[in-house]
Amino acid sequence: NDVWPNVFISVAEMQRPNLLAGGLPGAFLANTSGIINGIGGIVAFFGVLLVLFTFIQRLLRLRSVKVKGDSSKPHKSKRKATSVRKEQDRFRISLKDIGSFGSTDEINRSKRYNVLYLSLFLVWILSSAAAVTQGTRFIQVLVVPMGICAGIFVGYAVDYVKANIDDDRTLFLIAIVCSFLIAFPISQIGYAVDNALMIGSIVFVALVVISGVFIYLRKSIKDSDVSLKKALVVVLITLALVSPTVCGAYQTTALTVPGSSDPMWNAMDYVKENTTNDTVIISWWDFGYLFQIASDHPTSFDGGSQSGDRAYWVGKALTTSDFAQSKGILQMLGTTGSNASELLCNYTGSNVTAVDALDKTLGMRREDAKSTLVKDYNLTESQASAVVKQSHPSNPNNVAFVLSSDMIQKAGWWSYFGSWNFDTLDSTNYQYYVAPNYVTIKPNSQGSIPVLNDSNILFSADVKRGSNGTNQTTAQMTAVWAKNGSKVDLNGTEYNPLKASNLIAIEDGYLTVNKTLDKEGNFTLYLIGSENDYTAVLMDNKLRDSVFTRLFLLGGAGQDTFTLTNMQEGVSTWSINGASSSSDSQDTNTTET
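Each residue of the sequence shown is one higher than the last, beginning at 59 in the numbering used here.
Each hint should be verified, as a subset may be incorrect.
[What the hints assert, rightly or not] The calculated lysine to aspartate or glutamate pairs, modelled on EDC-like cross-linking and capped at a C-alpha distance of 16 Å, are:
| hint | residue 1 | residue 2 |
| --- | --- | --- |
| 1 | K577 | D598 |
| 2 | K433 | D414 |
| 3 | K541 | D512 |
| 4 | K573 | D603 |
| 5 | K557 | E589 |
| 6 | K500 | D414 |
| 7 | K545 | D512 |
| 8 | K288 | D226 |
By construction, these hints were calculated from the structure, which means they are not laboratory data.
Start from the sequences and build out the full structure, keeping to the hints where you can.
Below is the structure:
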């Protein structure tokens, strides 16, 4: 059975989308936050429903149509222009009562077309909607049939206006509604355009004024069956349908920024120029493809290898406090990949047992690991040797272990996968909360460092700094209402779920404080001070001694398993000390990165 965690739950575009995002205002906007938003907004959605309803209504009415043989021409006074008659006939076929079409062949042909179109769009839309339930990325599949139906809706609306609306007041009302639908999306792109609300308002007023001039002041074009006022309304209907999509696309492109950075690229340049050809890059999967291209080296975990076992092992290497185990995991992944896990599963018949065995032995020397497999997991000598050959390669590939600042925000995911419980098939995610700014706190004074604002509750690190060169600095997390600064009470009890149990202070590069604050707390508070500028990092206690914390946040202090080989702004690259595993014999490695 597949007991590995599902890594796709951490991929944003694989999350199940909401039906509608942004409430009532969001209904008129186009984006990828909701299904209706993704197809162009509520106007396009109802337009599609109207088209499908029209097909169904038309098909039902065609069943009761009677063929009339009266082909006599109407009196000259009642005759209409050919173009007008065609428009009215199209509208009658699509929306109004169906009286007669002429021959039986015409009726049968119309029935076939209706069945064809209705079946095509229903199957297409329903199958696409089913795909959308599997992730946001599949909204683009639904857009195609919905877009075609929305285009048909525009055609119906145009026919209706041209053939059936002659009243100026009705035309002006339609123009006002369409002007609002055009202008509203423009007013909502404030993140991309300065004064977007004002621009949207100006567009609305301008369209209404222009509509009034054309509808009430201009006459019809001579010798034409379509007046300027109707042509204007037709254009406004079309623009009302496409405005949300155009504005949404503009806002998306305006807010798009590079997914990488110069420091990230420079770090990969270092790996490319200063490591051996067999070096494998291991990090969280997000930048896997970038690492491959920029460094010209393989990665062990990227967008194409988002398997549950890789997510678990890389997450484990980051989350564990056992540096020997982390080293063993990285060398195994970088050299033989998943071979050891698969081999153990074949021998024991259980993925759970295989993972448990590797968890226990990856931090051991080869001979100790082999002995444990024989003693605790009932493997034969030959089976244990085969497993250890894959889990503890005697000549492992070099590993470039890349840690970056973006992984702080992603800690909830890699800690979730790295802490996966194979018995309950569940896990818990652990977080870092990083203060966004530095605060000046002078010796023998106090200061408050805002760390997190959640639901109008401000969580801050209140610091009492001691004298320079002493261990008298202390701090604790507090929770107050962001509006008035009063403490948060819940039924008369102080509410502070982020209370720290431990405090660690690093001032001017030296560890000055490492003490217990409150045994009831579940977090560790790190204070980092340089001269008089202080910032804070709050983390779950499970992450306090993790490999990621010790390497990236504390610079590798107090350990000798990894060596910092390159440091860029927000990106650190580490190599493994003593890369060769202890062994009595040399094995030939099977590389599967």
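Status of each hint after checking the structure:
1. Straight-line distance between C-alpha atoms of K577 and D598 comes to about 13 Å, which keeps the hinted pair within the 16 Å bound.
2. Distance restraint check for K433 and D414: the Cα-Cα separation of roughly 14 Å lies within the 16 Å cut-off, and the hinted pair is therefore satisfied.
3. Of the pairs offered as hints, the one joining K541 and D512 holds, with about 12 Å between alpha carbons and a cut-off of 16 Å not exceeded.
4. Only pairs whose Cα atoms come within 16 Å are accepted, and K573 paired with D603 is accepted, the gap being roughly 14 Å.
5. Proposed proximity of K557 and E589 is contradicted: the alpha carbons are some 26 Å apart, above 16 Å.
6. The hinted pair formed by K500 and D414 fails the criterion: a straight-line CA distance of about 50 Å is larger than 16 Å.
7. Note on K545 and D512: the hinted pairing holds, with a Cα-Cα distance of about 14 Å set against a maximum of 16 Å.
8. A threshold of 16 Å between alpha carbons decides the hint, and for K288 with D226 the separation of about 9 Å falls inside it, so the pair holds.
Violated hints for the displayed structure, listed by number in ascending order: 5, 6.
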